Structure formats: C-alpha cells, structure tokens
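If you're matching positions, the sequence shown starts at 118 in the numbering used here and goes up one per residue.
These are computed hints drawn from the structure, not numbers from a lab. Quick caveat: nothing in here was measured; it's all calculated off a predicted structure. For glycine and all other residues, C-beta sits at the position ideal for the given N, C-alpha and C. Where hints are given, some of them may not hold.
Said to hold, decoys possible - Distance windows between CB atoms, simulated:
no. : residue 1 : residue 2 : range
1   : A245      : G176      : 43 to 51 angstroms
2   : R130      : G344      : 17 to 25 angstroms
3   : R299      : G176      : 44 to 52 angstroms
4   : P333      : R236      : 21 to 29 angstroms
5   : K317      : L227      : 34 to 42 angstroms
6   : G271      : E213      : 32 to 40 angstroms
7   : G284      : E217      : 22 to 30 angstroms
8   : R131      : R172      : 31 to 39 angstroms
9   : E270      : E217      : 23 to 31 angstroms
10  : G271      : Q219      : 23 to 31 angstroms
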Amino acid sequence: MRPEPAERSRALRRLSSPAELVEFLAARGPFELSVWDFDGVVCDSEPLQADAYLRVLDGRGIRPGPGFFDGYVGLTEPQIWDRIRADHGLVADRAELVRERQEILRPSLLRARPNWFVRPALDAVAAAGTRSVIVSSGNLAMIEPYLAAWSLEGSFDDVSALGAVAGPTKRERMTSLLESARGRTVLLEDVDHYLALGRKHGAVVIGVSHGLTEGPLTNADAVLMAGRPPPIAG
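Kindly produce the complete structure, drawing on both the sequences and the hints.
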C-alpha cells in the first residue's frame, strides 16, 4: 500500500544530481510514458512569467504586493487575467492584456534555459523506449520556439498546450493520457494537485520545486529543485 500524504511528506526524497535522478528512474521503470509540465519544470520560467504580469500591471498603475503570483501558478493565462481583473479592479480587454504580456515575455524568455535535470531524465527514459510528452496550461506558440532553440523539439513526441482554439483543460488532457497509458507513467510537475492526479492513476510522481511553488509537494515520490544545476562533487 502506498503511504498517505503525511507519511510521504516526511520521507520525501530530494534528487540532487543527474546520477540520483537516473538511478531513481531506473529503479522504477521502464515507463511507457513520461509526462512533463513546461513552465517551472522543463524551463525555470515561472519568475519570468510573473514578472511579465507585474510589468503589464505596473504600466496601468497597479502594483501588487510580494507573492501576488503565488495563487495563479498552474492556471491558464486567460484564467489568470480574469482573476487579476477581479482581484485588482483592472478594467481592460483580456485579449489586449494577453498580447501585451506576450510581447514583454518573448525577449525575457531568451534568457531562459532548460532545467538541469531535463536532458538527463529525457535521455534516461528514451534509452528504455519511453515516449515523452508535454502537457501544459501555457501557449503552444510560446513553447515550441523555445524547444527548438534548445534542440529539445525532437525529445518530445507531443506538446499538448493551449492553441488558437479553446479545447480541453490541462487536467482533462492529462487525465486522458494517464488513463490511456498501457504501461507505467512518470509525471514531472510543479503543482501538487496535478501530482495527486498522477498518483491516483498509479504514476511515479516527481515534484519540481521553485521560487513560486505553491505549498509543499506532498503527493510527490521525490522532489527536484529547479534553477541552476547542482555543484559537481569533488
């Protein structure tokens, strides 16, 4: 029987090096499928995302306090703007806000790089014949150019994100993938309720912690720290 969340949080394992991560995956694989979030997981981009919202708001004379973005992590951009407009009394067209923020964000993301654990994990699961897919609340038109710039587009078999036409939610898309997988799945996520969804469907769940992670990742089997690569011992 798998331990309950309280037990799991006490025994939560932190994977601090590529070698530890590869060993962890090998001990629990092979996997049919690896499922990745993009913002905060493939890329440590959540601080850049938050800063772009702040800059749009600042241009309209709205200056939220510290930690204002914490409650919005994991939501789609339309959902975030709807909440911000309600929370801060912002009167503006949502489509205009989206366009303005993306214009700010694009040059900022040029500074972004994949997290240190992305290539080791992708290489490890690919060697066992695992398919890797991204399931994101983000915008497909923003994600694909960065995968190409980092030479990662060939490492993912599919990218499921928001397109020009409204479609299923991230939770619906992730549920469909988890339910259709015939073999084992590994999920890498920075939002605990998505980790809980993976756990419910029997996936090995790896939490990714960063500066904007909302609350403890109590449903994770192990945790990776986003950002700079860990120092090399010796």
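Checklist entry - Looking back at the numbered hints, which does the structure fail to meet, lowest number first? => result none
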